[in-house]
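Asks: Sequence:
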Amino acid sequence: MNSKLEGIKAVFLDLDGTIYLGGELIPGAIDFLDRCESNGVQRYFLSNNSSRSVSQYVTKLQNMNIPCSNEDVLLSTHDLLSWLRNEGVSRTWAIATSGMCEMMEAAGITTRDSDPEYVVLGYDTEINYEKISTASIHIHRGVPLVASHPDKVCPSPEGGLPDVGAYLAMLKVTTGKDPVHITGKPNPGMILHKIEELGYKPEECAMVGDRLYTDMEMAIRAGCVSVLVLSGEATLEDYAVWDGGKVNVVVDSVDELLR
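Position one of the sequence shown corresponds to residue 1163 (my numbering), numbered consecutively onward.
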């Protein structure tokens, strides 16, 4: 497989560091998405970033002149909600943004319960001490912790910003506890359920992203074509020492794909 992605029927695209960085589009991203359409390649946006709801992502993408609907966006929050439903959980204390809480509450799961079954940790860009301290008290009481995804940093033009993995380290220092489960990438189920719904084989789909330990690990575990872009977090030096497996395609950015 090369950057032409011949035979690929659908691409799953990470957002932060792949399609945009901060508030700015990656150069060539729009042209790449146009090539997807002209080549008949379906595209979906897949993000571990649980700070926004689906509707907020759709609005952001549309404001960047990217045609997008709710069905085009797959988030770690969806994977988290599926896991909570399977566990029969309806009461939580969530360290999460209003957008993530909105999605949880719409699914019938409380986010500020005084007697939670789980503490839920998302990428909370509205984090405050009350959320952290209350969560710590619940964890000390024996309430288990679940996290939406493992990303340590969120890429930005100014450098990496604290993400869920950084918050997990803080809670580990505070409580001595690790999460009992982490959803989102690199769990292959996050992408395989959509591939099955589309009626494709994993090898007919490509996962395009800038992180080795989430995007590329998930692609390899799911059996998809793995495409690493160097426009976000990972560098060639990072890939050279990574022990997670061989990536199929490495490019500077999505601008090199489908040409």
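Bear in mind the hints are in silico, worked out from the structure with no lab data behind them.
Predicted model, so just to flag it, every value in this text is computed and none were measured.
Check before you lean on any hint, since a few could be wrong.
[To be verified] In silico DSS-like links for lysine-lysine, alpha-carbon gap of 27 Å or less: (1) K1293 to K1363; (2) K1166 to K1363; (3) K1334 to K1222; (4) K1408 to K1166; (5) K1314 to K1293; (6) K1363 to K1171; (7) K1171 to K1356; (8) K1314 to K1363; (9) K1314 to K1408; (10) K1334 to K1356; (11) K1339 to K1293; (12) K1222 to K1363; (13) K1293 to K1334; (14) K1363 to K1334; (15) K1334 to K1171; (16) K1166 to K1339; (17) K1356 to K1293; (18) K1314 to K1339.
[Stated by the list, open to error] Per label pair, the in silico range of CB-to-CB distance: (19) V1403 to P1319: 24 to 32 Å; (20) A1269 to E1358: 19 to 27 Å; (21) P1189 to N1232: 41 to 49 Å.
Glycine is no exception: its CB is placed at the ideal position from the N, C-alpha and C atoms.
Asks: Kindly confirm whether 19 to 27 Å is satisfied by the beta carbon distance between A1269 and E1358.
Replies: With Cβ atoms ~22 Å apart, the hint holds.
Asks: Can you confirm whether the C-alpha distance between K1293 and K1363 stays at or below 27 Å?
Replies: 42 Å, violated
Asks: Lying within 41 to 49 Å: is that true of the beta-carbon distance P1189 to N1232?
Replies: 27 Å, violated
Asks: Are the Cα positions of K1293 and K1334 separated by 27 Å at most?
Replies: 15 Å, holds
Asks: Has the given pair, K1339 with K1293, been kept, meaning a C-alpha gap of at most 27 Å?
Replies: 17 Å, holds
Asks: For the pair supplied as a hint, K1408 and K1166, confirm whether the alpha-carbon distance does not exceed 27 Å.
Replies: 18 Å, holds
Asks: Should the hint that V1403 and P1319 are 24 to 32 Å apart at their CB atoms be regarded as holding?
Replies: 25 Å, holds
Asks: Assess, step by step, whether the Cα of K1334 is no farther than 27 Å from the Cα of K1356, and give holds or violated.
Replies: 33 Å, violated
Asks: Straight-line Cα separation of K1314 and K1363 no greater than 27 Å?
Replies: 31 Å, violated
Asks: Would the pair K1171 and K1356 pass a check requiring their Cα atoms to be no farther apart than 27 Å?
Replies: 13 Å, holds
Asks: Check the hint pairing K1166 with K1363 against an upper bound of 27 Å on the C-alpha distance.
Replies: This hinted pair holds, its Cα atoms lying about 19 Å apart.
Asks: Is the Cα-Cα distance between K1314 and K1339 27 Å or less?
Replies: 17 Å, holds
Hints 1, 3, 8, 10, 12, 14, 15, 16, 17 and 21 from the list above are not met by this structure, while the remaining hints are.
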